[in-house]
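Asker: Now for the letters of each chain:
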Amino acid sequence: MGERAQILVVDDNKSIRKTLAAILEEEGYIVDTAENGKEAIAKSNTKFYNLAVIDIRLPDIEGTKLLTAMKETTPPMVKIIITGYPAMQNAIEAVNKGAHAYVLKPVDAENLLKAIKEHLKKQQEAKKYSEQKVAEFIEARVRELVPS
Amino acid sequence: MKMRKKTIIIIVVTTISMISILYAASQMILFNSFAKLEEQSTRQNVERVLSALSNEFSELNSKTGDWAEWDDTYTFIKDLNNDYIQANLVDASFINLRINLILFVNNSGQVVAGMAFDLQSMTETPLPQSFLELLSTNDLIWRHPDTNSSVTGIVLLPENPLMLASRPILTSQREGPIRGALIFGRYFNNEEVNRLAQTVHLPLILHRVGDSHMPSDFQAASSSLSKEAPIFVQTLNTYSIAGYALINDIYGNPVLVLRADMPRDIYKQGQATITYFVSSLFAVCLVFGATTMLLLEKAVLSPLTQLTSDVSSIGKRKDLSARVSMVGNDELSTLAESINIMLTQIENKTIQLQKSERFATIGELATMVGHDLRNPLQGISNATFYLKKKIGPKMNDKQREILELIEQDVKYSDKIVNDLLDYSREMQLELTETTPKSIIREALSMVEVPKNIQVLDATQSERTIKVDVDKMKRAFVNIIKNAIEAMSEGGTLSITSKKSNGSIAFIFSDTGVGMSKETLDKLFTPLFTTKAKGMGFGLAICKHFIEAHGGKIFLKSTLGKGTTITLTIPIEPKLEGGEKLWENVPKSLLLTTTKA
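First to last, the sequence lines map onto chains X and E. Each residue of the first sequence is one higher than the one before, starting from -19 at the first, in the numbering used here. Each residue of the second sequence is one higher than the one before, starting from 5 at the first, in the numbering used here.
Accuracy of the hints is not assured; some may be wrong.
Said to hold, decoys possible - DSS-like cross-link-like pairs, simulated, lysine-lysine; straight-line CA separation at most 27 Å:
no., chain 1, residue 1, chain 2, residue 2
1, X, K51, X, K108
2, X, K97, E, K398
3, E, K392, X, K97
4, E, K398, X, K101
5, E, K455, X, K(-6)
Stated by the list, open to error - Ranges between beta-carbon positions, derived for each pair:
no., chain 1, residue 1, chain 2, residue 2, range
6, E, S316, X, I41, 56 to 62 Å
7, E, I366, X, E42, 49 to 55 Å
8, X, T26, E, P380, 29 to 35 Å
9, E, R362, X, E42, 31 to 37 Å
10, X, E52, E, E446, 38 to 44 Å
11, E, E368, X, E52, 40 to 46 Å
12, E, M450, X, E98, 53 to 59 Å
13, E, R321, X, E42, 38 to 44 Å
14, E, K455, X, I41, 33 to 39 Å
15, X, E52, E, P380, 34 to 40 Å
16, E, E446, X, T26, 29 to 35 Å
17, X, E98, E, M399, 25 to 31 Å
18, X, I41, E, I406, 50 to 56 Å
19, X, E52, E, K455, 38 to 44 Å
To be clear, the hints were calculated from the coordinates, so they are not data collected in a lab. In this text the structure is predicted, and so the values were computed from the model without any measurement. Glycine included, C-beta positions come from ideal geometry on N, C-alpha and C.
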């Protein structure tokens, strides 16, 4: 897949942020980090990220609120919420607010990586599919406009 | 103090009113009967006086008879010889006979001889003119119809009443013809009255009927006296009572009123009796009241005061280990005992409350610590993962083993933190339909069973139950692990399930070392453990989970023989605030699940 995916890690804990970034970089992703909601919004406004890993508890804003506060992008950014409360209530709220997945603490790095990989693949496929659709559409229009 | 005062007032009022009523009643009853007795006795005395007076008359009559029926007198009335006068009408005769008057009257009513004598001055007196006139106008006194006739009675003379006896003059052989009448007279004057009084041993007073100088009591008496009621009784004062009698003259006309005075002995006796009765009653009441008060004081008030002061002093000092003192074996000591039992309960509850407050604080603290530990643990976990990935292949065995130890310990720490948070968090159940067999099977698959231990799974699969599968599984894993640990020398763990109305029972029986009673008692307290490793949250969390399902957990254990744990859970647990079913949430959302 040629292009390296851009990932934003949002967590107020420095060691989690750094170690997670290290793991993701080791996997070949380009990683940015934000320690609070404000920084995350600022970064997402200036740069496109394929995926964001967001801690549900942030010092300035709730993780679920951050989901809607971040800029809509094309293709849509994959959002994975990390929560310490394994309750359906949180899961539903997270999903309703636009999260793609929901990971319980303590996070098993292996599982997280698997999830990230799967979702990025899906994103890629969707992108490809829509590009193909656009190409087909253009091709059809051209054919309509330029009769042979 | 109120009760003491009340009791005294009640006793005093009761005693006073009782004594008053009794006093009034006894006054009425006793005085009435005493008054009757008194009147009766007075009447009898008056009758005694009258009979004494009548004796006087018969004596006078017989003396008159002695002289009248005598040949000398019979002769004298005919010839009026001087010898008879010389021999008989002398001072000595008057003194001996104690009379004042001797009259000889012939058949034609003429006084032929006579003599009057004053017994005080011992001198002869002229014949009373008034009496002579009476004789000349009335023949009743001197005319005797036959030889047996006699006349006795009183005639009222202006100077004195006169007691007289008149007999016909006959021969010594009491033969007639009657030659006239002999009349003896005795003045019924003060001396005579006093003599009579001495005879009857009663003070006597005499008054004429119609006397204007009569004392008031005589006036009252004479108006009440009549021929029909010749005796009248009236009290003079508190010391004496008087009886009055009406005395008629020879013509049958009432002429004199005689009063006999008597001391009121009966009245005094009655009064003394009543006084004695009332005072003994008063004494009895006094003794009774004092005894009641003493008893009340000793048996009720003083223990009650003691109890009150004990209780209030315990309240003031807030010393729950103190107890009230108990004496005796009555209702109050029972009350004291009850208070002590209550105090013991309060003390125990207070200790429990302090303990549970301490536990709650520890719990809160532990939850905070748990939350805070999560992040560094996540960091260590991530770092280990990174290192393993980055330089794992290049490491030697020893280095890799060390890295794996870090990984394991982080996992174990995570488990402890999760248990802690699970225990302190409010439970939310996510119910799913399953069967007993399927949960047990899943739980068993999560436990490594050593080879020397045999597990017999006889749970049923036909009945579906609604439980939070994850939580039940974790509870079962905990129990199974505990059982395995108890059978380090090997043994058998048998698991069975049983349906009973509305609930399912899971029974775990091991053949392990068993537990002592002390261990059993503390088993479900968090942080209690017999293991060197581990925080001891296991069974506490089990209980937490089971109870959240509305179930119960029972434990039976014998040291050296094994332990049997029975869990009962309702087939469909009732959730507070209505059932929250999360079954429709896609499972794919849950990428990872916590592991027990």
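Asker: A separate judgement is required for each hint: does it hold in the structure or not?
Answerer: Hints, verified against the model:
1. Proposed proximity of K51/X and K108/X is supported: the alpha carbons are some 22 Å apart, at most 27 Å.
2. For the suggested pair K97/X and K398/E, the alpha carbons sit about 26 Å apart, so the restraint of at most 27 Å is met.
3. Among the hinted pairs, K392/E with K97/X is consistent with the structure: their alpha-carbon atoms are about 19 Å apart, no more than 27 Å.
4. For the proposed pair K398/E and K101/X, the alpha carbon gap of about 30 Å is over 27 Å, so the pair is violated.
5. For the proposed pair K455/E and K(-6)/X, the alpha carbon gap of about 45 Å is over 27 Å, so the pair is violated.
6. At roughly 59 Å, the beta carbons of S316/E and I41/X sit within the given window of 56 to 62 Å.
7. Range check, I366/E to E42/X: about 29 Å between beta-carbon atoms, so the 49 to 55 Å window is missed.
8. In this structure the hint that T26/X and P380/E lie 29 to 35 Å apart at CB holds, the actual value being about 31 Å.
9. In this structure the supplied range 31 to 37 Å holds for R362/E paired with E42/X, their Cβ-Cβ distance being about 34 Å.
10. One distance hint, 38 to 44 Å for the beta-carbon pair E52/X and E446/E, holds here, with the actual separation near 42 Å.
11. A hinted range of 40 to 46 Å holds for the C-beta pair E368/E and E52/X, which are about 41 Å apart.
12. Range check, M450/E to E98/X: Cβ separation about 25 Å, and the 53 to 59 Å hint is violated.
13. The hinted range of 38 to 44 Å is not satisfied by R321/E and E42/X, whose Cβ atoms lie roughly 52 Å apart.
14. Between K455/E and I41/X the beta carbon distance is about 54 Å. The supplied range of 33 to 39 Å is therefore violated.
15. Here the CB-CB span from E52/X to P380/E is close to 35 Å, well matched to the stated 34 to 40 Å.
16. Separated by about 48 Å at the C-beta atoms, E446/E and T26/X break the suggested range of 29 to 35 Å.
17. Checked against the hint of 25 to 31 Å, the C-beta distance between E98/X and M399/E comes to roughly 29 Å, which is consistent with it.
18. Distance hint check: the CB atoms of I41/X and I406/E are about 40 Å apart, inconsistent with the given range 50 to 56 Å.
19. Checking the proposed 38 to 44 Å range against E52/X and K455/E shows it is violated: the Cβ atoms sit about 59 Å from each other.
Comparing the model with each numbered hint stated earlier shows that hints 4, 5, 7, 12, 13, 14, 16, 18, 19 do not hold.
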